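**Q** Using the sequences provided together with the hints, build the complete structure.
2 protein chains.
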Amino acid sequence: MADTARRPGNRYGSRPTMKDVAAHAGVGLKTVSRVVNGEPGVTPDTERRVHEAINALGFRRNDSARVLRKGRTASVGLVLEDLADPFYGPLSRAVEEVARAHGALLINGSSAEDPDREQELALALCARRVDGLVVIPAGDDHRYLEPEIRAGVATVFVDRPAGKIDADAVLSDNFGGARHAVAHLLAHGHRRIGFIGDRPVIHTAAERLRGYRAAMAEAGIPVEDTWISLGATDPERVRRAAETLLDGPEPVTAVFAGNNRVTVTVVRVLSERPRPTALVGFDDFELADLLQPGVTVVAQDAAQLGRTAAERLFQQLDGVPHAPERTMLPTRLITRGSGELPPVD
Amino acid sequence: MADTARRPGNRYGSRPTMKDVAAHAGVGLKTVSRVVNGEPGVTPDTERRVHEAINALGFRRNDSARVLRKGRTASVGLVLEDLADPFYGPLSRAVEEVARAHGALLINGSSAEDPDREQELALALCARRVDGLVVIPAGDDHRYLEPEIRAGVATVFVDRPAGKIDADAVLSDNFGGARHAVAHLLAHGHRRIGFIGDRPVIHTAAERLRGYRAAMAEAGIPVEDTWISLGATDPERVRRAAETLLDGPEPVTAVFAGNNRVTVTVVRVLSERPRPTALVGFDDFELADLLQPGVTVVAQDAAQLGRTAAERLFQQLDGVPHAPERTMLPTRLITRGSGELPPVD
Numbered sequence: 001m002a003d004t005a006r007r008p009g010n011r012y013g014s015r016p017t018m019k020d021v022a023a024h025a026g027v028g029l030k031t032v033s034r035v036v037n038g039e040p041g042v043t044p045d046t047e048r049r050v051h052e053a054i055n056a057l058g059f060r061r062n063d064s065a066r067v068l069r070k071g072r073t074a075s076v077g078l079v080l081e082d083l084a085d086p087f088y089g090p091l092s093r094a095v096e097e098v099a100r101a102h103g104a105l106l107i108n109g110s111s112a113e114d115p116d117r118e119q120e121l122a123l124a125l126c127a128r129r130v131d132g133l134v135v136i137p138a139g140d141d142h143r144y145l146e147p148e149i150r151a152g153v154a155t156v157f158v159d160r161p162a163g164k165i166d167a168d169a170v171l172s173d174n175f176g177g178a179r180h181a182v183a184h185l186l187a188h189g190h191r192r193i194g195f196i197g198d199r200p201v202i203h204t205a206a207e208r209l210r211g212y213r214a215a216m217a218e219a220g221i222p223v224e225d226t227w228i229s230l231g232a233t234d235p236e237r238v239r240r241a242a243e244t245l246l247d248g249p250e251p252v253t254a255v256f257a258g259n260n261r262v263t264v265t266v267v268r269v270l271s272e273r274p275r276p277t278a279l280v281g282f283d284d285f286e287l288a289d290l291l292q293p294g295v296t297v298v299a300q301d302a303a304q305l306g307r308t309a310a311e312r313l314f315q316q317l318d319g320v321p322h323a324p325e326r327t328m329l330p331t332r333l334i335t336r337g338s339g340e341l342p343p344v345d
Numbered sequence: 001m002a003d004t005a006r007r008p009g010n011r012y013g014s015r016p017t018m019k020d021v022a023a024h025a026g027v028g029l030k031t032v033s034r035v036v037n038g039e040p041g042v043t044p045d046t047e048r049r050v051h052e053a054i055n056a057l058g059f060r061r062n063d064s065a066r067v068l069r070k071g072r073t074a075s076v077g078l079v080l081e082d083l084a085d086p087f088y089g090p091l092s093r094a095v096e097e098v099a100r101a102h103g104a105l106l107i108n109g110s111s112a113e114d115p116d117r118e119q120e121l122a123l124a125l126c127a128r129r130v131d132g133l134v135v136i137p138a139g140d141d142h143r144y145l146e147p148e149i150r151a152g153v154a155t156v157f158v159d160r161p162a163g164k165i166d167a168d169a170v171l172s173d174n175f176g177g178a179r180h181a182v183a184h185l186l187a188h189g190h191r192r193i194g195f196i197g198d199r200p201v202i203h204t205a206a207e208r209l210r211g212y213r214a215a216m217a218e219a220g221i222p223v224e225d226t227w228i229s230l231g232a233t234d235p236e237r238v239r240r241a242a243e244t245l246l247d248g249p250e251p252v253t254a255v256f257a258g259n260n261r262v263t264v265t266v267v268r269v270l271s272e273r274p275r276p277t278a279l280v281g282f283d284d285f286e287l288a289d290l291l292q293p294g295v296t297v298v299a300q301d302a303a304q305l306g307r308t309a310a311e312r313l314f315q316q317l318d319g320v321p322h323a324p325e326r327t328m329l330p331t332r333l334i335t336r337g338s339g340e341l342p343p344v345d
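Respectively, the protein sequence lines represent chains A and B. 215 is the number that our numbering gives to position 215 of the first sequence; each next residue is one higher, with no gaps. 224 is the number that our numbering gives to position 224 of the second sequence; each next residue is one higher, with no gaps.
No lab work stands behind these hints: they were computed from the structure. Misleading hints may appear alongside valid ones.
[Claimed, not checked] Taking beta-carbon pairs under 10 Å as the criterion, some of the chain A residues facing chain B (in silico):
hint, residue
1, L57
2, L80
3, S92
4, V95
5, E120
6, L121
7, A124
8, I228
9, S229
10, L230
11, S271
12, P274
13, D289
14, L341
Since this is a predicted model, take the numbers as computed values, not measurements. Idealized CB from N, CA, C, for every residue including glycine.
**A** Right, here's the structure in full:
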């Protein structure tokens, strides 16, 4: 594979100019300039034709923006998925530190897990002339970014891959980490192991479910449907799911929690029950070691995800040629007590 | 007070136009247009004069930007102080929800506690044409925002007030909350009460120190210098401070921790020691109730801070006339065990 899509001046050719827009729209250069600069004297019909040509060619005012920007700081955008998930704190901070080391400002926004919002935000950041984007995607179709990428906006996906476009992605080994977590519970004698995870349309959630199933299959244990609960990670939903797993006639003896939002609610539900239930959570979280028992987790390196993604972004901006790559970072099992409890029937 | 500084078209007059810039610089309108749009044909000296006039008048390309923006979403900026402090998660999310309810995008950035970075970021967001700014300030001089405010950018400070300008601010009752926390420890029999806080140049830290001193003075207890440790809130500094308070010949019997970053480290240090020491923390934090003992805190309503600030911002943007106000939100003492421990000598 020798795709060099993101190198301006290569493969996709150089950026379209105002002249290209004028030729495409069949109008004069001054007319394009008027439309682009919001000056009067253009009929609505002509304005529409110019906008169509701008969209068709993926024209952006970057070249003149460069001049405008003299003395201004370069900037990169980070599209987050959820502002209130503490997992993204160290990731954001790492992206920011790399940006700063490159003399660039970081501008963030959150999609709040809404694909339309993600698109709106990513394009708004491009319209505000960021030089590159780090995206934690909420959606699974990123073709809307193709014109921006062609126009030279560097783009790296992190935590989850891009959908329907070929782009750099920096991911954790979600499958391997989940398999390790469940194998750890199996090694401590558990057979009835529940899994509470995020919605399976989310890449990370699907990969962790796959890891759970793989570990159970390798141990020769048929998984009952009632052991798996997938859905939103708000406390109310997770609490109901945990209570169903724990309060039935044949309760699970261990729970694998699919992310830190799930884990903290499961910890809370378990703390209310006399019967000890083993727990391994995906993602580390603050104070996990000070709970009793300490919470065993499969930890991702959130800071390293952010750092790697940001460094790849600046490699693109520096014009280092490379094909889009998927980088996979390992996870780490941290044993603290909750994952080493024996099964209690 | 009937200051209506932030209403465009009032008091400060309407926005400066390209014509004003041309007159101020002593050049033709076309020359200004060339400079603003980054077109060629302007000598460096003329360009410099035009930029000086732009800066002197606070000219912004907003009017033409409005036209460019047809069909684009309005946006507001949020300048955070620290991406990795979980206190700002719910605050950011609340600002985002209010922005969304008003059909606006939220764009964030973090100053990482650096006043220069705050200024650079706030001005970069203005240059990218946000309609308003919510600022959690790192610095204490915000005169750099005056041209933006005059040009119609709505501005609200949250968590900490603006410095050297008169602007809307939404704050927690840091003084009252801290006084309440320390009075609570005094009511449980403590006399030797330590305070570990953030750097006193930070408004919230200074207010909390003032609350600590007020409660101690009201109880007639002279405060020894060694009981107070102010500085960065990184785990290493806080650990050293806590160990000094706890391991001397006359250790404190209770600690008041000045924010959530301090509290989690103090919890960790106390968990390593056999002698129970009482603790009240400023700021609630996740899992505080599941620790043993549960951690008594003075809770701020971070979401309500964000919501109130954002609503005030949109009132400004809607042209609702009002004088700059300081809104103070109450704090709430939540007792969970650690703050009710008796003194042990």
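**Q** A separate judgement is required for each hint: does it hold in the structure or not?
**A** Here's how the hints hold up against the structure:
The interface hint given for L57/A is violated, since its Cβ lies 17 Å from the closest Cβ of chain B, which is over the 10 Å cut-off. Restraint check, L80/A versus chain B: the minimum CB separation of about 8 Å is within 10 Å; hint holds. The interface hint given for S92/A holds, since its Cβ lies 4 Å from the closest Cβ of chain B, which is under the 10 Å cut-off. Look at V95/A: its Cβ gets to within about 9 Å of chain B, closer than 10 Å, so that hint holds up.
Taken as an interface hint, E120/A checks out: its beta carbon lies about 6 Å from the nearest beta carbon of chain B, inside 10 Å. Of the supplied interface hints, the one on L121/A holds, with its beta-carbon coming within about 6 Å of a beta-carbon of chain B, less than 10 Å. With its C-beta approaching chain B no nearer than about 5 Å, A124/A sits inside the 10 Å limit, and its interface hint holds. Taking 10 Å as the C-beta cut-off, the interface hint given for I228/A is violated, the closest approach to chain B being about 26 Å.
For S229/A, the shortest C-beta to C-beta distance to chain B is roughly 22 Å, which exceeds 10 Å, and the interface hint is violated. Annotation: L230/A was flagged as interfacial toward chain B, and the flag is violated, the nearest CB pair being 23 Å apart, outside 10 Å. At about 6 Å, the closest approach between the beta carbon of S271/A and any beta carbon in chain B falls short of 10 Å, and the interface hint on this residue holds. Annotation: interface hint on P274/A violated; nearest CB of chain B at approximately 16 Å, more than 10 Å.
Here the hint on D289/A is kept, as its CB sits about 8 Å from the closest CB of chain B, short of 10 Å. Evaluation of the L341/A hint against chain B yields a violated restraint, the C-beta minimum of about 17 Å exceeding 10 Å.
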